[in-house]
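Engineer: Chain residues, written in single-letter form:
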Amino acid sequence: MTDYSEILKQERNAAWRAELRNTVQNKDRINIERVHMTEAEPHERIKSQTCEVNKGLTPDQARREASRCMDCVNPTCIEGCPVSINIPKFVKYIEAGHFLDAAATLKEFSALPAVCGRVCPQEKQCEAKCFYTQKMKKDPVAIGYLERFAADYERESGKIQVPKVEKRNGVKVAAIGSGPASLSFAGDMIKFGYDVTVFEALHEIGGVLKYGIPEFRLPNSIVDVELDNLRQMGVNFEKNFVVGRTASFEDLKELGYKAFFIGSGAGLPNFMNIPGENLNGVMSSNEYLTRVNLMYANQSDSDTPVLRGKCVAVVGGGNTAMDAVRTSKRLGAERSIIIYRRSRDEMPARLEEIKHAEEEGIEFMNLANPIEYLPNAEGRVAKVRLQRMKLGEPDASGRRKPVPIDGDIVEIDIDLAIVAIGVSPNPLIPACLAGLKMSKWGTIEVNEQTMQSSIPEVFAGGDIVRGGATVILAMGDGRRAAASMHDYLKNRYNL
Amino acid sequence: MNKIVEKQRLSELVFKFVVEAPMIAKSRKPGNFVILRVGTKGERIPLTIVDSDLENGTITLIVQNVGASSGKLCALETGDYITDLVGPLGKATHIHKPGTILAMGGGVGIAPLYPIVEAFKKAGNRVITVLAARNKDLLILEKEMREYSDEVIIMTDDGSYGRKGLITDGAEEIIKREKVDECIAIGPAIMMKFAALLTKKYNIPTQVSLNTIMVDGTGMCGACRVTVNGETKFTCVDGPEFNAHQIDFDEMLQRLRAYKNEEDQARKK
Amino acid sequence: MINLKTRFFGLELKNPLIVASSSLTADADKIKAFADNGAGAIVLKSVFEEEIINEYNQIGESKSASHFDEFMDYFDYKIRDQVLASYGRLIKAAKEVSKAPVVASINCVSAGDWLQFASQVQDAGADAIELNLFVMPFDPTRKAEDTRRFYIDTVKEITRRVKIPVAVKISSYFSDLAAICHELDGEKLAGITMFNRFTSPDIDIEKEKVIEAGTLSSENEYLLPLRWVGILSPRLKCPIAASTGVHEAKHVIKMLLAGASAVQMASVFYKKGPAYIGEILKGLEAWMDKKGYESIGDFKGRLSLTKAANPALYERAQYISSFGGYAGS
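Going down the list, the sequences are from chains A, B and C. Taken in order, the first sequence gives residues 1 to 495; the numbers are from my numbering. Taken in order, the second sequence gives residues 496 to 764; the numbers are from my numbering. Taken in order, the third sequence gives residues 765 to 1093; the numbers are from my numbering.
Calculated from the structure, these hints are not laboratory results. Heads up, some of the hints might be wrong.
Said to hold, decoys possible - Below, in silico cross-link-like pairs of lysine-lysine (BS3-like), each with a Cα-Cα straight-line distance of 30 Å or less:
(1) A:K47 to A:K383
(2) A:K258 to B:K592
(3) A:K329 to B:K536
(4) A:K437 to A:K258
(5) B:K592 to C:K856
(6) A:K383 to C:K952
(7) C:K1046 to C:K796
Said to hold, decoys possible - Part of the chain A face toward chain C, derived, beta carbon under 7 Å:
(8) M272
(9) G318
(10) P348
(11) D406
(12) G407
(13) I421
(14) G422
(15) G467
(16) G468
To be verified - Reference listing, derived: stretches of chain A covered by chain B, where coverage requires no fewer than 3 residues with Cβ under 8 Å from a Cβ of chain B:
(17) 37 to 48
(18) 59 to 68
Just so it is clear, CB atoms sit at the ideal spot from N, CA and C, and this is done for glycine as well.
Let the sequences and hints guide you as you build the complete structure.
Structural biologist: Okay, structure coming up:
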């Protein structure tokens, strides 16, 4: 890290940066109000699954917002970033009007800045550490909006820089799963000169970016541009391929693959195991979102059906729950209700998602927890019984533990329930690898620095290692794994 | 994209497809299934792998036209392409040598039963097979089944072929006349339910292969969940075969109806 | 021929000795030993909410906070599933080795918590369920009414959900104990066991620390359940089992005379082992033989509140007579 702080110091002392700081005085910078993101109007946007809510900043808005950044001597924002993006540098490039340079800076650290700018929980990461938040109790620089701006600008300008790729070294490596962890792994390995193939079980590439996050948050077209970039750099994608089933790891080794990165994700739905959970009309958020986001079941020309409800209850308080409940609204629900056992302030979802959900008319039933689903005569869910909760002492995560209020049970009429209480690592791939050391919760155990598993040629990252985490963490893992796998292979094969 | 190299009509609504899928042909075992899609707006549907040809790199699928998605597949011809095909999925059948196997296949369930019968026979068991269909025209794979069965009994609802009666009538006669060590029953869910009730009476260990609704087929969504021995299991990764006497068939039957309204509306389109 | 049969947990037990829920009933080998030595029934170690909480805290500490909020949010459900799955395996293992009925014990914190669990426990083959209901009223905002509702609602929910018999084990911390028992009695219970025993705090005056007092019951603790068995047994429809301080055959006999249908014992087995069951049964039979009783029913409840010659002793709380009254009287 000391090398990095040296670099940051040197860059900050560059002439253009010093000049830029002098153009506006700090006391004027801090008087600028944080930019307001233009958003699609709630009544309109709930009619469409694909209408992106945040419209993005204009170049003028971006430059103005970037000028709020005071280019701190000690940029604490970087500490908040899981992959230590050089935030001051890209923000200052934006202020200076060098948007493509800003995008290039982002790409040194993050494989998918257009994605992260949209889905990172900045309020818990970079923006939480911004000087404005920490020392002045004011709104932080809108680092997320700026990241998105730079990435979008580059994409829309048509001048996407395809990074330099080393000469091919003839060594084949495989990535399993095509979500953010594998994609960033692939992006680095291809640059190092490896022959990279990404294997995906589904018929679409992108993992949770496609099937999980709805298009009103992250348009599929954005993901596709990133995938095209990878293809242009030479990454191969194999769809409809379940490693371990379609071909075994041994088969792949026979085909010449020397090392593997497992990024197969946390695609195993968690249920509460309460009575009635197997009734028709009660499903996991994975099923619901996959039907809509992957299979386009909400569209009339798609063959895949999806159950629509007039009164939809979504259990959970994270981003997945927000995605599911807002999708249900877009699918025509009269009432879309979040049922969460803790308070509103303790919901782990991104603040922006909660705000957008409220604007869209989502109802929030906090301090309530389902204990049973009741059917109608046809076996379809018709009611949910909820236990009302109150907040007790804090638990290990530091949040106050929800405690049932004895005897306080309410029933509400619903016709669709989505269980969005979290996901677990999908056991399919690990089950095919004898000798792979796993935790008792189904995650693959790896060396935290190198992401190497108990099998030397097998590395892993993302949700399959962390349980359910974030896109940016998955990407960080993919990059770290690429760096260590490169070291491992360099030594083994004298590259 | 997987090419169809052969198409054959087995009965009014049932078709056999031989499809190029060299990697699946190599990795598949009896009991495995594939998930496929026809068209970019197609629905993902599961189909058991009936047979495979390693030399030619093909797999055989048998499908009954019962709705929009199966209809699209049945409308394809030799030389056409299946848009997406993935497999082999599901746990393979546990093939062993208990002695005498009673195999029960109802309707299009005879197709997934075939590779299991073949494998049990090759493992050295005595195999008695009961096949059932509504009528003679709907009976499939008789010749193929005879090749790997010591005896084949055929039951039809209307008596137009074999004997008149239900599959469970034919099966019970065999159970009464000789010792059966294990039973495999595959067919419509209601048939499997009653087959299970029958064999439970006689304490015969029984496996069935469930045909639940599926979306991804890799354990990701839970659409295919069933209750087995009081626990929730996913048909696509824990099954598709389960101990028949532990399955909550009533719940399974109810869950099969989950999209009935939506399917009816699609048919009207 | 002396017949020791009695009815509790909705089952006919071959004798009134029930091995209570403890760490001694946590694995199949020990359970087998108790069953082989003649136990009338065995209550498995309780599934505790605490186990789940501890596991959750361990994981919470090993992972950093904010990124895992969504992941950790409902992780207690996953932990519960694992804990319950291993409890289901314990039930199955116990059923395989025990000739005596095997009773699952659930430690309830709230009515809604254990609904699904009750069905799973039934599916795993438990012969009955004992609901361990206790609330230590140290929370100043918690009223008696809250506790009462907790007890009644939990019992209602679980009896609605399972077909196997459901019994409860209660604490004595009630100002309206008789009323609570009466209300529980209306819920078709297969038995009420009085009482639960709590670990007690003690103080080490040398180290000046609060410590845990010894975990085993001492002899005189039997007096508390004895009183209440005597008072309540004639008034309740459902059978009562006495627990705490039952260490010897004489204690068993006292409880039966007071009206209990069975007793639950744990502490004494830590010192004396499962073979001690045989000794107690011998002692019980010897006394019955001496008295000419041929079955438990012959003497059960003879000295309860309504039957005893001097029942007032059950209800008296003060020592007035033994200290010769007040100075001025």
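Engineer: Hint by hint, say whether it matches the structure.
Structural biologist: Right, here's what the structure says about each hint:
no.	hint	in the structure
1	A:K47 to A:K383	26 Å, holds
2	A:K258 to B:K592	39 Å, violated
3	A:K329 to B:K536	23 Å, holds
4	A:K437 to A:K258	20 Å, holds
5	B:K592 to C:K856	28 Å, holds
6	A:K383 to C:K952	27 Å, holds
7	C:K1046 to C:K796	20 Å, holds
8	M272	6 Å, holds
9	G318	3 Å, holds
10	P348	3 Å, holds
11	D406	4 Å, holds
12	G407	4 Å, holds
13	I421	4 Å, holds
14	G422	5 Å, holds
15	G467	5 Å, holds
16	G468	4 Å, holds
17	37 to 48	violated (count 0)
18	59 to 68	violated (count 0)
Checked against the numbered hints listed earlier, the structure breaks hints 2, 17, 18; every other hint is satisfied.
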